[in-house]
Amino acid sequence: MGRTLGIAGTAKNTGKTTTLQAVVRFLRQSGTGVYLTSIGYDGEEVDTVTGLPKPKVVVEEGDMVATALPLLRASPARFTRLEFTGVDCALGPVYSGVATGPGRVVLAGPLSTKDVAVVLRGAPSDRVVLLDGAFSRLAPMVLSDALILATGASRSPDPRRIAAEMEALSAVFGLPEHRNPSGLSLGSTGQERMPSDSDFLHFSEGLFVEGQDQDVTLRVAHVLGLDPNRVAPAPAGSSDGNDVAARPVTGGGQCVRPAVTVQIDGVVNPSVFLSMAEKVGAVVTGNAQDPGSQNPGGAIAGNQVEFVLGHPVHLLLSGDIAEWVGALEKARRRGFRVSLKRRTDLLGFTVNPFRPVYDPIRNAYTALYVDAGAYLQEIRSMTRVRSTDIVYEGTHALESWLVEAGIAAG
Amino acid sequence: MTADNSQKILIVPLDPVHDVGAKLIARTLRERGHSVTLLQPDLSVEEVISRARQLLPDFIMVSRTISYDTPELLAKFADMCDAAGLRSHAKLVVGGMSIRKEMAQELGYDAGFGPQTTLEEVADYVDGKAHTSHEASHGGTKPDLTRGYKYDFVDAEIGELCVGIARRLIDWASQRTSPGIERAHLRMKLEEARLSGDVALANELRGRYSALTGGDVRKWYESGQPIPHTRPLAPYEAAALENMDNGVPVSLVSQKPLEPVNVIVQYGTGCPVMDAYHIRLSLGWGAKGAVHFDPSWGARTEGLAEGTLSHQHDGTVLTLENLRLLKRAIHPAALWQVRAHRGLNTPETVVLAHLAGADLTKINIVYGSLGAGTDPARLAVDGVECLRLAASFGLPYDVVTNEELCGVPARKAFAGMLVVATAGVLLGGRPILQPLFADSPEAMVSGFTQDNLVDFNAAKMIALKSIMNAPIWPGAPVGFMTQTQDRCQSSTMTALHAALALGLGAEAVTIASSDEAYAGGPISAQARVDTLKSVAASLKFFGSTRIAPTARAEKMAADLKKGIKETLERVYERGDFVAALYEGLLGDREDGAYPGRAGRDTVTARQ
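Just so you know, the protein sequences line up as chains A and B, in that order. Residue numbers for the first sequence, in my numbering: 1 to 410. Residue numbers for the second sequence, in my numbering: 1 to 607.
None of the hints are false.
For lysine-lysine, the following DSS-like pairs were computed, each having C-alpha atoms within a straight-line distance of at most 25 Å:
id, chain 1, residue 1, chain 2, residue 2
1, B, Lys-327, B, Lys-142
2, A, Lys-114, B, Lys-91
3, B, Lys-8, A, Lys-114
4, B, Lys-129, A, Lys-114
What follows is a set of in silico ranges between Cβ atoms, one per label pair, in the way DEER data are often shown:
id, chain 1, residue 1, chain 2, residue 2, range
5, A, Gly-86, B, Gln-489, 50 to 56 Å
6, B, Leu-56, A, Val-403, 43 to 49 Å
7, B, Tyr-236, A, His-396, 34 to 40 Å
8, A, Glu-404, B, Ala-525, 48 to 54 Å
9, B, Ala-239, A, Gly-51, 27 to 33 Å
10, B, Glu-554, A, Gly-51, 52 to 58 Å
11, B, Leu-119, A, Arg-362, 32 to 38 Å
12, A, Gly-122, B, Asp-69, 34 to 40 Å
13, B, Ile-547, A, Leu-52, 41 to 47 Å
14, A, Ala-374, B, Asp-127, 55 to 61 Å
15, B, His-89, A, Asp-227, 38 to 44 Å
16, A, Pro-55, B, Ile-547, 47 to 53 Å
17, B, Asp-127, A, Asp-227, 51 to 57 Å
Here are some chain B residues pointing at chain A (derived, C-beta under 10 Å):
id, residue
18, Ser-88
19, Asp-110
20, Ala-111
21, Ala-239
Calculated directly from the structure, the hints in this document are not laboratory data. Positions of the beta carbon are idealized from the N, C-alpha and C atoms, including for glycine.
Only chain A is shown next, with the shape it has when bound in the complex:
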């Protein structure tokens, strides 16, 4: 399979289509074949929710598209080499085709991760697949090799909130990929048990409802031979690093492999994750501090527990994204490692100053804009995470991300 670039949004009307068109243009210029599809509905005349005009998706001769068959037929681009991809969507069977001329097309493709995987398997390996997002949906983006996130005033006109979210998203996507002591990633080994001197726990139900944090805590305690009822009191204020659990365990200067690896697949809510991390930390610390403990003196240290989360996208679907920064920081202070089973490179953010506002008197939406330059500047003053407004400052930054990621030729 060729590379897949996902373009998703943090909200509706954040500029995904405009970003998509800019990426497509650049890829064409650089001689890279494109294969376009969408996990939603894109390129329509007017927005299904706001009724405001939408940017078009325009293809050129040679572009390949996977969309609902009625939409392929309706496109003036006159597609040829039609093939059923093997999946259906809400608007009909999804077919791929090659454009024989320029024209507009509406994209409506595979809806779920499972269906996206089917479509990707059928995509030519010499083309870059552009997986267009929908609304604020993210789940199928786990299959992307790289991701661009569109955000902007439609998400929030407050640049501070945008900056905070960008920081959180960057932190989540920036988590390291898990490697076992042999250097293999868990993603490459699947769910195999780790070597015998470390234990491996697998939670496939996710971590997003109350009670699951306690389940994880109890099982970790059991595996580590700790008494779950010996808990240290919660530290006053933020951890100052004096927690036993936070003290790194060294052996001749080398990192010790984790005593237990906890793999949590599915949706992970930052609040529930933090609660779990604090509970585990309290049990580890409590057992270490208790003279009656079977493991006095901190023989079991926090960083001997590694939490392997499935994919950064799964961390963004429940709860407040911005809470992840604090949750990951606190987990680190407890001495825990947090890594990912699989990663997707987050190339950067495109920022859109557009925001549709609902007018209850007219019962209609109005298109408004914040000051593009001021908005972008404000965001950049608060975070160093990569961002660009491709309409305001051109597509140069976006194109450099694509080249750097190897999506497009330089």
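Using the hints, position chain B against chain A.
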């Protein structure tokens, strides 16, 4: 439903309070043998996902009423189902007042059901049935409005009169011809020559054809001078029609009440491309067919042009090429009528209707003669030829009484209609009687519609059914002269007239859009949907109940029948149907009928 087909379904009212829709669907699905778990409302998305992970259903069906942040919530739910692994084996469905299938697609749902979705549609989807209910009306066989009718006379006396008059008319016409008849036959030969590739013969026939044309049409044939207010379609316009998918158009909402009945619309914007979209729109909203309206100037000009032509004003120019393009917009199970009931080109119009693949035409001699400006003798000889041609092509046709709008009383108009229909039957055809359901001048003057608009229209149906065993198709459209510029009022009047007609056993009914009553310009797509939705709503309202006329209707019907008979007796006594037309026996000046002049003195003896 066998145990093997039983699906495990989780129904989620993802709403703080409302779950009525969810309960109804749960009940319907249980009745179909499925295992249904219905959650309570006011659960968080996380709680629902957690429950779904325990159940591992085959379908997760979410209901949600319209409210703030609905799309965000639904998108989040779809994402979490995906991330939780539920979509590996479950279909995700959403339903609610704000839901459309495009929105369902955008939000990540395998199917979306919006307002007016029936419980059966949802259940059929779960059962994996191939189509939704509003496709079913077009997925079946094309309706045959004449099926089962024997055309025998229930009233023998009236029948005897009709047959006698009709036979004389046929005899009279068979000895005569007209330029219209000759052009019709030339057109058939010309198209055969074109099909066979005989260019020389085609050119020769075309030359002979053009010699029989007149006015602007002749100028067009001779010098290529454009017919005023027309232009050829641009290549991209013709391409838009050629590439049009004539599959089943799918409406945004179900119009289930229209499925068992035949509601027909009219079109004729002047632009074939616009017409095609109007036709597709109407068929998608439950219409079963469409009627072509051509410009009135065409009726007064000898000859029809060729090519794909767009017309600046109302009415779409009758050319074979235009009709063939428009055929693309007609689903195979929908009815398409091309009218040949007035003017100087009626026989050729029937030929074109046949060549273009129309299902029906419209033929009359009386209305065109007395209310549409065509000379009675000309229209009589052409009309009989139309009846012959229609029979040879197997094309049914309606016989309309539009002269009622001029003021001709129904008893005279119906007499004329019955004569023409009888002539059609004698020639092997299948006529459909088309009385008007209108607040006609007669009705207003006589006070027939003073109390209500039901009795007089019902009387027409009662009278006709008591005379002849023939299909009845009120038009065209129903509700004439009852509609105002108010779209609600106009739609309501149309809907009630349609419900009345269908309730009285009409095989079909023709309706107008809500703005046809007053539109001085183009008819809007929204106005078309207005009346289709209104008719569906009225049929839903009445269901299998019937609008009951008062006792006056029977009295009116009896009087009407008596008047028909008296009119026929006078016409029979006159011995010459065409003379009867000129002399006003079927509608006179006092009634508001005037024998037409177009085509006068063009009837000649047949060689």
